[in-house]
Amino acid sequence: MTARRILVVEDSVSMRSFVRNALEAGTAEVGEVEVTEASSGFDALRLLPRGPYDLVITDINMPDVNGLELVQFIRKSERHKATPVLLISTQNSDRDRERGLALGANDYLAKPFTPENLCSAASRQLGGGASPAEPNG
Amino acid sequence: MAEGGDKAREEFLSEAQEIIESLSRSLLALDASLKAGTSDPSLINEAFRAVHTLKGLAGLFGAAKMGTLSHRLEDVLDGLRLGRMDLTPETLDILFNAVDVYGRILQVERDSLDDPLMIVDDLVGRLENFGAEDKEEMSPVVEYDLDPGMLAVLTEYEEHRLRTNIEQGLGLYRLRVQFELATIDKALDDIKERAKTHGEIITYLPTGETTSADTIELDLLMASRDDLATLIGSLGADNVVIEAIPRRGRPSRAPSQPLTTAPEARQISSMDAPSPSALDLADSSDVAAEPAGSLRSVAQTVRVDINKLDHLMNIVGELAIVRGSFSRLTERLRGEGQRQLAAELQRLHRNFDRRLAEMQDGILEVRMVPLGQVFDRLARVVRQISREVSKEIRLVITGAETEIDKLIVEELSDPLMHMIRNAIDHGIEGAEGRQAVGKPEAGTIALNAFQKGNHVMIEIEDDGAGIDDEALIAKAVSQGLVEAGEVPDLSRDEILAFVFLPGVSTRDEAGDYSGRGVGMDVVKTNISKLGGVIDVQSETGIGTKMTITLPITLAIVSALIIRVSRQLFAIPLNSVTEAIAFDESSVKIVDGREVMTIRGTTLPLCRLRKLFQFPQGQPDDKRRFVVVTSLGSRRLGLVVDHLLGQQDIVIKSLGKSLASVRGFAGATELGDQRVCLVLDPAALIEEVLVGVDTREDFARSNG
Amino acid sequence: MADLATNQSRVLRNADEAVREFLAFKLSGEYYAVALTRIREILSLPSLTPVPRAPADVIGVCSVRGLLVTVVDLRRRLHLEEPAPTRQTRILLAATEDDETIGLYVDEVRQVVRLAESEIEVAQSALGGELSDYVVGIGRPRDIRFTSGSSPGGDNILILLDLSTIVNR
Numbered sequence: 001m002t003a004r005r006i007l008v009v010e011d012s013v014s015m016r017s018f019v020r021n022a023l024e025a026g027t028a029e030v031g032e033v034e035v036t037e038a039s040s041g042f043d044a045l046r047l048l049p050r051g052p053y054d055l056v057i058t059d060i061n062m063p064d065v066n067g068l069e070l071v072q073f074i075r076k077s078e079r080h081k082a083t084p085v086l087l088i089s090t091q092n093s094d095r096d097r098e099r100g101l102a103l104g105a106n107d108y109l110a111k112p113f114t115p116e117n118l119c120s121a122a123s124r125q126l127g128g129g130a131s132p133a134e135p136n137g
Numbered sequence: 001m002a003e004g005g006d007k008a009r010e011e012f013l014s015e016a017q018e019i020i021e022s023l024s025r026s027l028l029a030l031d032a033s034l035k036a037g038t039s040d041p042s043l044i045n046e047a048f049r050a051v052h053t054l055k056g057l058a059g060l061f062g063a064a065k066m067g068t069l070s071h072r073l074e075d076v077l078d079g080l081r082l083g084r085m086d087l088t089p090e091t092l093d094i095l096f097n098a099v100d101v102y103g104r105i106l107q108v109e110r111d112s113l114d115d116p117l118m119i120v121d122d123l124v125g126r127l128e129n130f131g132a133e134d135k136e137e138m139s140p141v142v143e144y145d146l147d148p149g150m151l152a153v154l155t156e157y158e159e160h161r162l163r164t165n166i167e168q169g170l171g172l173y174r175l176r177v178q179f180e181l182a183t184i185d186k187a188l189d190d191i192k193e194r195a196k197t198h199g200e201i202i203t204y205l206p207t208g209e210t211t212s213a214d215t216i217e218l219d220l221l222m223a224s225r226d227d228l229a230t231l232i233g234s235l236g237a238d239n240v241v242i243e244a245i246p247r248r249g250r251p252s253r254a255p256s257q258p259l260t261t262a263p264e265a266r267q268i269s270s271m272d273a274p275s276p277s278a279l280d281l282a283d284s285s286d287v288a289a290e291p292a293g294s295l296r297s298v299a300q301t302v303r304v305d306i307n308k309l310d311h312l313m314n315i316v317g318e319l320a321i322v323r324g325s326f327s328r329l330t331e332r333l334r335g336e337g338q339r340q341l342a343a344e345l346q347r348l349h350r351n352f353d354r355r356l357a358e359m360q361d362g363i364l365e366v367r368m369v370p371l372g373q374v375f376d377r378l379a380r381v382v383r384q385i386s387r388e389v390s391k392e393i394r395l396v397i398t399g400a401e402t403e404i405d406k407l408i409v410e411e412l413s414d415p416l417m418h419m420i421r422n423a424i425d426h427g428i429e430g431a432e433g434r435q436a437v438g439k440p441e442a443g444t445i446a447l448n449a450f451q452k453g454n455h456v457m458i459e460i461e462d463d464g465a466g467i468d469d470e471a472l473i474a475k476a477v478s479q480g481l482v483e484a485g486e487v488p489d490l491s492r493d494e495i496l497a498f499v500f501l502p503g504v505s506t507r508d509e510a511g512d513y514s515g516r517g518v519g520m521d522v523v524k525t526n527i528s529k530l531g532g533v534i535d536v537q538s539e540t541g542i543g544t545k546m547t548i549t550l551p552i553t554l555a556i557v558s559a560l561i562i563r564v565s566r567q568l569f570a571i572p573l574n575s576v577t578e579a580i581a582f583d584e585s586s587v588k589i590v591d592g593r594e595v596m597t598i599r600g601t602t603l604p605l606c607r608l609r610k611l612f613q614f615p616q617g618q619p620d621d622k623r624r625f626v627v628v629t630s631l632g633s634r635r636l637g638l639v640v641d642h643l644l645g646q647q648d649i650v651i652k653s654l655g656k657s658l659a660s661v662r663g664f665a666g667a668t669e670l671g672d673q674r675v676c677l678v679l680d681p682a683a684l685i686e687e688v689l690v691g692v693d694t695r696e697d698f699a700r701s702n703g
Numbered sequence: 001m002a003d004l005a006t007n008q009s010r011v012l013r014n015a016d017e018a019v020r021e022f023l024a025f026k027l028s029g030e031y032y033a034v035a036l037t038r039i040r041e042i043l044s045l046p047s048l049t050p051v052p053r054a055p056a057d058v059i060g061v062c063s064v065r066g067l068l069v070t071v072v073d074l075r076r077r078l079h080l081e082e083p084a085p086t087r088q089t090r091i092l093l094a095a096t097e098d099d100e101t102i103g104l105y106v107d108e109v110r111q112v113v114r115l116a117e118s119e120i121e122v123a124q125s126a127l128g129g130e131l132s133d134y135v136v137g138i139g140r141p142r143d144i145r146f147t148s149g150s151s152p153g154g155d156n157i158l159i160l161l162d163l164s165t166i167v168n169r
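Protein chains in written order, with my numbering: chain C, 1 to 137; chain H, 1 to 703; chain L, 1 to 169.
Chain C on its own, in the form it takes in the complex:
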């Protein structure tokens, strides 16, 4: 099976690395992955056209284009609307998390989380679906 393409949107570099490492080490659960990192909402907008991705993992609280806006953008986009989105939120940001889910995010992960939490959440979203990056016309 082809590697699943995952876009990780997060403004903290070590948080991104954490997510990347966890996903890349979690092959047994998630399968082979190709992780692309975006350091901001804008970066994500720039990288999305190079998709499609099989999963987008995004922080909510980011400057400028926040995670909620990214979720809405993805859901409105003809190309990406079917892409699952996993939100990363903090424990006490229920309101933002609820909004994210209402906007069409598929699941959320509250910080702090373990690599195992992340991998099982990611693999739930990746499911056993069709092979990735296939034009989903």
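Derived by calculation from the structure, the hints in this document are not laboratory data. Only a predicted model underlies this, so the values are computations on that prediction, with no experimental measurement involved. For each residue, glycine too, the CB sits at the ideal point set by N, CA and C. One or more hints might be untrue.
[Unchecked claim] Under the rule of at most 27 Å between Cα atoms (straight-line distance), these lysine-lysine pairs were calculated in the BS3-like manner:
1. H:Lys406 x H:Lys439
2. H:Lys192 x C:Lys76
3. H:Lys545 x H:Lys452
4. H:Lys196 x H:Lys186
5. H:Lys545 x H:Lys439
6. C:Lys81 x H:Lys308
7. H:Lys308 x C:Lys111
8. C:Lys76 x H:Lys452
9. H:Lys656 x H:Lys406
10. H:Lys406 x H:Lys545
11. C:Lys81 x C:Lys111
12. H:Lys406 x H:Lys308
[What the hints assert, rightly or not] Anything over 10 Å on all C-beta distances counts as not near chain H; from chain C, calculated:
13. Ala3
14. Ala28
15. Asp64
16. Lys76
17. Asp107
18. Leu126
[Stated by the list, open to error] Chain C side only, calculated, beta carbon under 7 Å to chain L, not exhaustive:
19. Pro49
20. Arg50
21. Ser120
Put chains H and L on the given structure of chain C with help from the hints.
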């Protein structure tokens, strides 16, 4: 995490260090602004974000003390940024203290020191006393006519900033910007910097509308004390459109405003700073009310970009593909004995079919325009030219109401114009010449259009001198297009076809209008680009008639799907007259060309396997077929391996990089996402039957 | 050579951007890169429909969400060996100057590489023959290692291709 662990930890520590430094900078700036008696909410938010990120990282990397401290600090800063508590010098002291404590935590973590870090517990204890007094937040947001889509994506903090700004009486504006993705960072920094002096940008929302793959459109929600004119003057640009977001439910004040201020208020695009009175008047509600009122009176018609119609048509095409699955599914259900479900599905299918057909027709209808549009223009040209060349011309138009695809009409204008000029310039004789042969002094050009099946025919007929065969032959021979020795074998039709060869239809003494250079070969090329063909008939002394045959529309066509070797192709049905079994033994060679006889007429053949250079030899199934294609008066039999059936297809053109490849009208997608090439019968007929101007190219592409 | 001269000036003209982004990919075992700004999308290998009588380096057409894309095999254009497709095989969608979207077949996509002007060596006559028409320079990234490269720690060389000469021929 096994291997990446150390490296990741290092990365974490160095990022934490950076964040703590930036926290320190934010606090210093806050201190400065507090002393100056001002407040900058973005600084508090930056500090909040710093500890927020630290908290998240601490959780992931097991830095418990950092986590505890960050958690408490986050509460305090959240209260501050959401306006639940006020920033005091005492609070700042504690925050500065926190920076030192963070520094120690990092040191301990990095050097694996044995320090229980009691200072953290101490600081956390002091932070406990900072309870956020719950300030009730009202919701003045509803006063504004904000797009709910925009409200829904605001984070808690952004929403708080929005409220605060409204409470402070600032106006709201929407900046719709288009940025190149490649340079977006710079563009944003730029607009942020300029916006700073006018107010606060609350959020940046990508609209999802794209004009091209390299640009992105964003809605910036901005709160500002300045009025629209000032903002446009300062921030407006080609790619930045600024609108005031109107307040709801407030009566418009516009009618009662003193007349003197009105003109200034209208100068929205003016770069000058507005006068104080104009500033008052350019209230968001007024600005928005005006265009809204005038918009209601628009006419019953809209102009539509043809690309949008194409897009709709593509969707219809995709739906037509979906439709195919219905029948397959029905069959399957039936096969599995689910008769009732199958019947239900079939009913749905029929309904879907009917609606789809209606939609298809509807869209096609929108694309159709009467040929009269272009004919009117031709009439003006005739009047003008005839005056200038002193020839009296009568233009007789019939069938101007015949409808054809708008795209075709646009492309027809030039070729038709050229043919009319030719007719006036070269066809119709001067007044004396006409009198001498007993024709009426005024020459007649007839322009006839009519629909014939799936095609529209346009005839341009003049009662001039006709085409001079001898001159045409001489020209063709001198241009090396034909050997003098071959001439006696040529039929009159073949001779007349020379008109369409490059370099033939241009006259030695250039006429004023048809001129030199652009000849009938160009006209012919343009017509074939539209999927049409052009024929010429001429009688010496009586006149010339050019006939153009065009498809009605370029969009959806029914096609015959065929297989050659292992590849599928589509042939537009509008040029297919029949498909018959191929009998190898009935093939004869005439003039070096393979032909067969059907019902007493000779049909030239083209073996697609050979033309496409597919592996030769007997195809797997013995039965092969001949698809008879015809355009105008010409016919060509295409020898194919297999017929698969009929399907509606949307023809998409091949890219420019394949423009030189002959024989294809484009490509289409069949149900299985595979691309299927669509044959261009007109081009194949051209290539195989006429041959004169193509033999050379063909040899080249074979070689 | 006349081509090279213009290519060279093109590189120098962009010097006001200190750093340029390239997309690095593998063709027949070597690393190549093109300016990232021209790449719209990266696809895994779709099913291709061959076009009879098309130029030899056009390996077919495919549909990308309804857009018809002509796919060119860069290896064939550059006269390289042609390893069989693997699951790393990708199609880069690139924009031509005419705004046509064209697909470029590559053996593997590596990563985005940021190169400062000082890391770019403008092509002179270093590479002879056909290749030189398409090469704008050689990138020698200082801080990037192609971990799965055949020569670890060895020559970190990226051949920078000029998309416009490739797609516009």
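Results of checking the hints against the structure:
no.: 1; hint: H:Lys406 x H:Lys439; result: 38 Å, violated
no.: 2; hint: H:Lys192 x C:Lys76; result: 26 Å, holds
no.: 3; hint: H:Lys545 x H:Lys452; result: 18 Å, holds
no.: 4; hint: H:Lys196 x H:Lys186; result: 15 Å, holds
no.: 5; hint: H:Lys545 x H:Lys439; result: 17 Å, holds
no.: 6; hint: C:Lys81 x H:Lys308; result: 21 Å, holds
no.: 7; hint: H:Lys308 x C:Lys111; result: 45 Å, violated
no.: 8; hint: C:Lys76 x H:Lys452; result: 45 Å, violated
no.: 9; hint: H:Lys656 x H:Lys406; result: 22 Å, holds
no.: 10; hint: H:Lys406 x H:Lys545; result: 25 Å, holds
no.: 11; hint: C:Lys81 x C:Lys111; result: 26 Å, holds
no.: 12; hint: H:Lys406 x H:Lys308; result: 13 Å, holds
no.: 13; hint: Ala3; result: 18 Å, holds
no.: 14; hint: Ala28; result: 13 Å, holds
no.: 15; hint: Asp64; result: 5 Å, violated
no.: 16; hint: Lys76; result: 4 Å, violated
no.: 17; hint: Asp107; result: 18 Å, holds
no.: 18; hint: Leu126; result: 20 Å, holds
no.: 19; hint: Pro49; result: 6 Å, holds
no.: 20; hint: Arg50; result: 5 Å, holds
no.: 21; hint: Ser120; result: 25 Å, violated
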